[in-house]
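Asks: Produce the entire structure from the sequences given, and follow the hints as far as they go.
Residues 1 to 541 in UniProt numbering are what the sequence shown spells out, letter by letter.
These aren't lab readings, by the way, just hints derived from the structure by calculation. Predicted model, so just to flag it, every value in this text is computed and none were measured. Fair warning: there could be bad hints in the mix.
Unchecked claim - As a list, the in silico DSS-like pairs of lysine-lysine whose alpha-carbon atoms are at most 25 Å apart:
1. K347 x K137
2. K304 x K347
3. K47 x K36
4. K505 x K456
5. K185 x K228
6. K284 x K456
7. K168 x K105
8. K105 x K128
9. K445 x K456
10. K445 x K39
11. K91 x K148
12. K91 x K152
13. K137 x K100
14. K168 x K185
15. K91 x K128
16. K36 x K456
17. K168 x K228
18. K38 x K60
19. K168 x K152
20. K284 x K304
21. K296 x K284
What the hints assert, rightly or not - Quick list of the computed label-pair ranges, beta carbon to beta carbon:
22. E62 x A179: 33 to 39 Å
23. K508 x N259: 41 to 47 Å
24. V436 x A264: 21 to 27 Å
25. R410 x L78: 53 to 59 Å
26. G342 x G70: 16 to 22 Å
27. G70 x P25: 17 to 23 Å
28. E62 x E92: 54 to 60 Å
29. K508 x V449: 38 to 44 Å
30. P231 x E515: 15 to 21 Å
31. K105 x A52: 27 to 33 Å
32. A49 x A179: 29 to 35 Å
33. D94 x S435: 21 to 27 Å
C-beta: ideal position from N, C-alpha, C; glycine also.
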Amino acid sequence: MSTAIKAPQGQAIGLPSSHTYSRGPQLQNNSKSKLKDKKLRSQLKRKEAQIATAEEEAAKAELLNVEDTGFLEPESALERTYKFTQPQIRKEVDVATAQKAFDLKLDFGPYACDFTRNGRYLLLGGRKGHIASLDWKAGRMACEFHVKETVKDVAFLHNESLFAVAQKKYTYIYDGSGAEVHCLKHHVEVNALQFLPYHYLLATIGQTGYLKYQDISTGAVVSEHRSKLGPCSVLRQNRQNAILHTGHSNGVVNLWTPNLGEPAVRLLTHRGPVRALCIDREGKYMATAGQDSRIKVWDLRTHKCLQDYFSPRPATSVDFSDTGILATGWSSHVHLWRDVLGGSAEKQASPYMVHNLEGNSVSSVRFAPYEDFLGCAHDSGYASLVVPGAGEANYDAYEANPYMTKQQRRTAEVRGLLEKLQPNMISLQPDIIGSVDPASASVRKQEVVEAVQEAKDKDAAEFEYVAREKQRGRNSALRRVLRKKNKHVVDERRNKVERLLQQEKQMKQDRLKRERGETVEAGPEAGPALSRFAVHGSRRR
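Replies: Now the structure itself:
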């Protein structure tokens, strides 16, 4: 069966460039000819042919993606898209879309919100202890309960069957029915939660300033890093390379990996505390909001500020959509900015859309994956806002399927555990995993020898025997004599006790030297064994 695509009569189909789907440069012919192993040389040729075929097929398959994102477009130069209100948009969209736009009035705010990776389930956590998980598209409640203590943050784990809640003292894990599964007592006074889906790691940071990684598949604490910058409540992940970004009170954003005790990158972003940050889906850009009422967009490849916006009040939450729309929440307002990504993008004069919550302060904004909706949690509940063009029109169902059945969910969970990545594979350059080392065999061998020798030296230093003097108890008879109130009084008994202690210390040192084979200096020559019982001439008289 041929894979050629036939065009209608009179029309020609232009295939997209396969450069978009390129998987890296191929090996040079002279590099292949230098290989002595014929089997390896043939395998490389066959692999490169398969990669070239895959690139071509991916370019052809792009023609089948006829869906495209639709934004609000003004009809004239005088019209502004931010003047459209949510009631006006709901009247113009279809019934299914209008049903997904709703407002929830809740009494235990302010709330924090989170979505599953496929965007089907919504998790709400009220500051006063209210927890709710629901299928927001179908309007079906999964579970709802009250923990009767402060809730600081909530986060779904690998799917909707487990979620974590940062409560007043400890972090708890609940299942889909609301039953408590685990109490993570190692995570104390947590302010922010993040889950790394490909590594099955739950990351937390809080009042203590320690960033902790916990593997939920094994239950082990992978690593624990001290930020040395005090309490922290800003924590987001880069979905491209699993790097965690933390914002601190001195305006610095740190980039962390589990295998480094120090931040991989330190970036000074604001003149005051960092209030919120987010990273786009491709992992190239970061948006930060500071106490100085500035919202900045950064290029993570060059670590330079691309755009700088001002907000009348410091923003409390920011988030990027799948298509690059930036949502910012400050006071009771929500502003959405379009075309803020890319080095060539110009600074926007006005926002794409605005929304007012009428007296309710915004606490968290999150875009629903693969949907044109923005979840906005505030003091009095939750609001679902329609944002045309925010969702990805063509999604990969093997990655995250919004219409996943129960059997598909179980299969995806097992496959995810089997394909779990190790924490030490997290790095700033994820493409280095699986790449070919260009160094020669002799250089690689020398590096291995040096690493082995360094490990041996380290082990020898750790297990080196160091003789320590045994300390006697503080309440021994001799110590009690020396701890008299009149310790500055010099008498005969005190001098005798100090002399005996000095002799005992010297004897221990000599004994340790003999055990190590060292020479011991000879002391004063000892007299006969019964010399101390002899009566001297002075006493006879």
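Asks: Which of the listed hints are broken here?
Replies: 1, 4, 6, 11, 12, 15, 16, 18, 22, 27, 28, 30, 31, 32, 33
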